[in-house]
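Protein sequences appear in the order of chains B and R.
Mapping of the first sequence onto the numbering used here: residues 1 to 137, in sequence order.
Mapping of the second sequence onto the numbering used here: residues 1 to 137, in sequence order.
Treat the hints as calculated values from the structure; they're not laboratory data.
Every value quoted in this text rests on a predicted model; they were computed, and no experiment measured them.
Any given hint might turn out to be false.
You can't tell identical chains apart in this list, so a pair holds if it fits in one copy or across any two.
[Stated by the list, open to error] Here are the computed lysine-lysine pairs in the DSS-like style, where the Cα-Cα straight-line distance is at most 30 Å:
1. Lys112 with Lys2
2. Lys107 with Lys20
3. Lys99 with Lys57
4. Lys20 with Lys100
5. Lys106 with Lys2
6. Lys99 with Lys2
7. Lys83 with Lys106
8. Lys57 with Lys112
Number of protein chains: 2
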Amino acid sequence: MKFERSSCPITNVLDLLGDKWTLLVIRDLVLGKRRYQEFLASPEEIASNILADRLNKLLVAGLISRRAYQRNPTRYEYLLTKKGNGLEPILEAIVVWGKKQFPGTKKFPRIKQSPGLAVHAGARRTRAGNSNRRSKA
Amino acid sequence: MKFERSSCPITNVLDLLGDKWTLLVIRDLVLGKRRYQEFLASPEEIASNILADRLNKLLVAGLISRRAYQRNPTRYEYLLTKKGNGLEPILEAIVVWGKKQFPGTKKFPRIKQSPGLAVHAGARRTRAGNSNRRSKA
DNA sequence: CACCATAACTTGCATTTTGCAAGTTACTAG
DNA sequence: CTAGTAACTTGCAAAATGCAAGTTATGGTG
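Construct the entire structure; sequences and hints are all you get.
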């Protein structure tokens, strides 16, 4: 067994999740988000290159899986694997401590699957007029 | 309530602990380490400037406290506050998941308080011959 | 058919954070 | 007077992050 920094389980978990973004992506997945734009839409405003990087690392680590939900062009959505789902107790412990230490914070609600995200039916697009580009409002 | 990134408790915890080192310092404290050199001696080999930075941030956040254990020159040791101790369930959850995902890792044992670390008695110094400087063994 | 919009990324820097090695301070022991 | 020790600090290089914009491959609208 060769480990990056030490044989401490905490250390090895930190080598995987020890930054300001990875666990937020996991949180979003637990909440029911699946798609790139949904992750980008979270209030913390992750940069798209960071998101791509983290999704990749999580894929490689086997915490999430990817599947095409559409062909031409192929579009992917992401789901937690069983392994990734095992992180929930950690998130729960963080929420418990976090809510106590940061009064006013509140666990985010699970996502209501939006009509546009139908899993099998033909997704009808609304002719919404807002651009891809984020405004620093 | 104004939060740095969002009102999510997880996000705010990550703003405090979301890096590769802070939780390791907490781990060391939970294990019974108190002094600068003890933290430096951990197998992950934290750099001394990073350690100083993290101890400061944890002090400011109220997760640890500092007290002089010697005068002339004044030397400090660090202890978890009640608030900091509340992190144990998070560490525990991480250890549980980590041990499962990284076979071969093992929770580190609590430190046996070394004779040189007497809390009240006059600490006698052994004339040890090893330098401060770390060798890349 | 010519545009515009959308989704999932990628690319090119600028800024920030880490990491490494060495230096500083203030003593005590010999 | 010299060496050693503990707790930091400093200077600079390297890596990670953040921002804005670009790319690819469609489908819808007029």
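| request: Check each numbered hint against the structure and report the violated ones by number, ascending. | output: Failing hints: none at all.
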